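Protein chains in written order, with the numbering used here: chain S, 95 to 208; chain H, 25 to 136.
Read the hints as simulated data drawn from the structure, not as lab findings.
Treat the numbers as computed from the prediction; the structure is a model and nothing was measured.
Heads up, some of the hints might be wrong.
[Unchecked claim] Label-pair restraints from in silico Cβ distances:
1. H:Ser33 <-> S:Tyr125: 17 to 23 Å
2. H:Thr31 <-> S:Pro102: 34 to 40 Å
3. S:Val107 <-> H:His34: 31 to 37 Å
4. S:Pro176 <-> H:Glu25: 20 to 26 Å
5. S:Ser164 <-> H:Glu92: 40 to 46 Å
6. S:Ser146 <-> H:Leu136: 20 to 26 Å
7. H:Leu54 <-> S:Leu113: 42 to 48 Å
8. S:Ala173 <-> H:Pro32: 16 to 22 Å
9. H:Leu108 <-> S:Gly135: 31 to 37 Å
C-beta atoms are modelled at their ideal positions from N, C-alpha and C, and glycine is treated no differently.
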Amino acid sequence: KQEVTQIPAALSVPEGENLVLNCSFTDSAIYNLQWFRQDPGKGLTSLLLIQSSQREQTSGRLNASLDKSSGRSTLYIAASQPGDSATYLCAVPLGGGSNYKLTFGKGTLLTVNP
Amino acid sequence: EPEVTQTPSHQVTQMGQEVILRCVPISNHLYFYWYRQILGQKVEFLVSFYNNEISEKSEIFDDQFSVERPDGSNFTLKIRSTKLEDSAMYFCASRKGADTQYFGPGTRLTVL
Numbered sequence: 095k096q097e098v099t100q101i102p103a104a105l106s107v108p109e110g111e112n113l114v115l116n117c118s119f120t121d122s123a124i125y126n127l128q129w130f131r132q133d134p135g136k137g138l139t140s141l142l143l144i145q146s147s148q149r150e151q152t153s154g155r156l157n158a159s160l161d162k163s164s165g166r167s168t169l170y171i172a173a174s175q176p177g178d179s180a181t182y183l184c185a186v187p188l189g190g191g192s193n194y195k196l197t198f199g200k201g202t203l204l205t206v207n208p
Numbered sequence: 025e026p027e028v029t030q031t032p033s034h035q036v037t038q039m040g041q042e043v044i045l046r047c048v049p050i051s052n053h054l055y056f057y058w059y060r061q062i063l064g065q066k067v068e069f070l071v072s073f074y075n076n077e078i079s080e081k082s083e084i085f086d087d088q089f090s091v092e093r094p095d096g097s098n099f100t101l102k103i104r105s106t107k108l109e110d111s112a113m114y115f116c117a118s119r120k121g122a123d124t125q126y127f128g129p130g131t132r133l134t135v136l
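Bound conformation, chain H alone (with noise of 0.2 Å):
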């Protein structure tokens, strides 16, 4: 069954530095997301991403946030200069068009 991933699993990084989280998600998909969890807290929202462009982002995706779609299969988060308020647990998603979202496995972001 067709699964979305991603990678890394778990990210170390220190305050300023700036990480790339990966995500490959489903092939026929057309709606890609990225969410995220802080420890003990709810899965919020960040940004959205349809036809190569970003259709709508939460308060939380500033300028330090961006999302690309380099190829026909990756889908990148970037945050420029890490916080420690950043550290979290990253999930993305994706949606065919139906309205079942299917998630990753997430990535685990720890900012030093």
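Here chain S stands alone, though its shape is the one from the complex (with noise of 0.2 Å):
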């Protein structure tokens, strides 16, 4: 059954810092990776998909890695802004095809302070 840990639950941190939130997950054998934002009481916000045989990908300030025979991905985010805080959530599918679904990590909250 795959596994999907967050650290830190929480992080604080000045406007303008570089910050890094990181996800493991417990199969390695995955298709893929998803980073999302959930603002609160709010939906989830697709950032980035890491393809299984990706390092890296970027979309303006944020930048996510794989390494999938660890079992981790960071998601690194540049010049942190205040309208970053939010909850930070990466998920794995299980399975392909028409039994893809998602597992999700309990999210590392992020506040950023002007």
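Assembly of the complex is requested from the two constituent chains, each provided in isolation within its own frame, with the hints serving as guidance.
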């Protein structure tokens, strides 16, 4: 059974700081890994999807890395802003095709202080 | 940009009542999902739907739950007799065939 763990559970940083969020998973036989952002009481916004054949994926100030063999992914946020404050979730799929479904971590609650 | 929509945003119901949560997936997507998130807990998979039938369901998705795609656009989740422990945020998601799943804004269900 796939387990996804995110560390730290919460992180508070001053504006402008670069930061790293961590995600680990127990079963390394994954197709990809997806990072989401969740604002309080809101839905999930997909940030990045990194394929199992990739080591990195970038979007703006976000950079996700994936090390399948060690079961780890990191989300790097450069020059953090107060608007980045949210919960960040990572998710990995189980199954493929019509059986594809996501297993989520509990998330890291990020607070960026002005 | 196309997006998944869900209605209502908040539903309050009495225990034992039936509720229907509605979703409109992205129009050219083929795979449809329901997930839920109990307050303070992980997002968890409920059911997947493809080609007009359930592909897979979790242990949570018991006989009280059902899904339907009644027309070419809507995807619904019905809970026949709600329990207090059904109170959660319910998310609909869809996927075209590439791997990214797109999630709706959620429906907050409160069972009293």
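| request: Just pull the numbers of the violated hints for me, sorted ascending. | output: 1, 6, 7, 8, 9
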